[in-house]
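J.: As you go down the protein sequences, you meet chains V and P in turn. Take the first sequence: its position 12, counted from the start at 1, is 12 in the numbering used here, and no numbers get skipped. Take the second sequence: its position 31, counted from the start at 1, is 1031 in the numbering used here, and no numbers get skipped.
These are computed hints drawn from the structure, not numbers from a lab. These numbers were taken from a predicted model, which means no experiment stands behind them. A few of these clues could be false.
[Unchecked claim] Listing some non-contacts, in silico: residues in chain V with all C-beta distances to chain P over 12 Å: (1) S26; (2) V44; (3) G97; (4) T99; (5) K102; (6) I107.
[Said to hold, decoys possible] Simulated pairs of lysine-lysine, DSSO-like, Cα-Cα distance not exceeding 30 Å: (7) V:K55 / V:K102; (8) P:K1055 / P:K1020; (9) V:K102 / P:K1020; (10) P:K1014 / P:K1041; (11) P:K1014 / P:K1064; (12) P:K1014 / V:K54; (13) P:K1055 / P:K1066; (14) V:K102 / P:K1066; (15) V:K54 / V:K102; (16) V:K68 / V:K54; (17) P:K1066 / P:K1014; (18) P:K1066 / P:K1041; (19) V:K53 / V:K102; (20) V:K55 / V:K68; (21) V:K68 / P:K1041; (22) P:K1041 / P:K1064; (23) P:K1064 / V:K102; (24) V:K102 / V:K68; (25) V:K54 / P:K1064; (26) V:K55 / P:K1041; (27) P:K1020 / P:K1041.
We treat Cβ as the ideally placed atom computed from N, Cα and C, and that holds for glycine.
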Amino acid sequence: KNEVEQSPQNLTAQEGEFITINCSYSVGISALHWLQQHPGGGIVSLFMLSSGKKKHGRLIATINIQEKHSSLHITASHPRDSAVYICAVNSGGGADGLTFGKGTHLIIQP
Amino acid sequence: GAVVSQHPSWVICKSGTSVKIECRSLDFQATTMFWYRQFPKQSLMLMATSNEGSKATYEQGVEKDKFLINHASLTLSTLTVTSAHPEDSSFYICSARLIYEQYFGPGTRLTVT
Chain V
1 KNEVEQSPQN LTAQEGEFIT INCSYSVGIS ALHWLQQHPG GGIVSLFMLS SGKKKHGRLI
61 ATINIQEKHS SLHITASHPR DSAVYICAVN SGGGADGLTF GKGTHLIIQP
Chain P
1001 GAVVSQHPSW VICKSGTSVK IECRSLDFQA TTMFWYRQFP KQSLMLMATS NEGSKATYEQ
1061 GVEKDKFLIN HASLTLSTLT VTSAHPEDSS FYICSARLIY EQYFGPGTRL TVT
């Protein structure tokens, strides 16, 4: 069983819809990351969380440490948000490499 | 923001040859860099942790004699795939750590024929 589980695996929505992607993990962590991977493969770090909630533009990330769960929300979704969104965790002291979920493939249709 | 580059962005090589991939932090010094591998439709997997001036730490199942990592300076780590086989064809991504953030390179797509 993967230490990091994401849902859904695939999501297709219409432009403007509110999007939620979920991530559950089974190990103790020092931080959780949300990453965005575009078709060419390049990865952009969206958020790093150790508690609470962060917002950047139309993106919001939350984490519940007790429940070992995090969500990534996209408000007013746009076709350019189409990408793979990946949840990853640091299970060490922050200096360790990441353990990744399998990603959520998001398509926003105009 | 912190920028990490990789070179080359893609490479095709023949089975049995060696390929070197470079990872550079362009505007910051990184004492730790990480190498990841991603097979099609799979999640990224950590291969090794590269520390400047010391030997890399490899994850279980990753052959250290096949995937040679050198971290000679605070801004450069290299991954050499030796005696490449078609099953080594993959997308290789590095990241560089700045405090607790990791900044990712654009990746290198390796195809071994």
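J.: Now tell me if each hint is right for this structure.
T.: Now the hints, each set against the structure:
no.: 1; hint: S26; verdict: holds, 15 Å
no.: 2; hint: V44; verdict: violated, 7 Å
no.: 3; hint: G97; verdict: violated, 4 Å
no.: 4; hint: T99; verdict: violated, 7 Å
no.: 5; hint: K102; verdict: violated, 5 Å
no.: 6; hint: I107; verdict: holds, 16 Å
no.: 7; hint: V:K55 / V:K102; verdict: holds, 23 Å
no.: 8; hint: P:K1055 / P:K1020; verdict: holds, 17 Å
no.: 9; hint: V:K102 / P:K1020; verdict: holds, 27 Å
no.: 10; hint: P:K1014 / P:K1041; verdict: holds, 24 Å
no.: 11; hint: P:K1014 / P:K1064; verdict: holds, 21 Å
no.: 12; hint: P:K1014 / V:K54; verdict: violated, 46 Å
no.: 13; hint: P:K1055 / P:K1066; verdict: holds, 14 Å
no.: 14; hint: V:K102 / P:K1066; verdict: holds, 26 Å
no.: 15; hint: V:K54 / V:K102; verdict: holds, 22 Å
no.: 16; hint: V:K68 / V:K54; verdict: holds, 17 Å
no.: 17; hint: P:K1066 / P:K1014; verdict: holds, 16 Å
no.: 18; hint: P:K1066 / P:K1041; verdict: holds, 24 Å
no.: 19; hint: V:K53 / V:K102; verdict: holds, 23 Å
no.: 20; hint: V:K55 / V:K68; verdict: holds, 20 Å
no.: 21; hint: V:K68 / P:K1041; verdict: holds, 25 Å
no.: 22; hint: P:K1041 / P:K1064; verdict: holds, 25 Å
no.: 23; hint: P:K1064 / V:K102; verdict: holds, 25 Å
no.: 24; hint: V:K102 / V:K68; verdict: holds, 17 Å
no.: 25; hint: V:K54 / P:K1064; verdict: violated, 39 Å
no.: 26; hint: V:K55 / P:K1041; verdict: holds, 29 Å
no.: 27; hint: P:K1020 / P:K1041; verdict: holds, 24 Å
This entry does not satisfy hints 2, 3, 4, 5, 12 and 25, going by the numbered hints stated previously.
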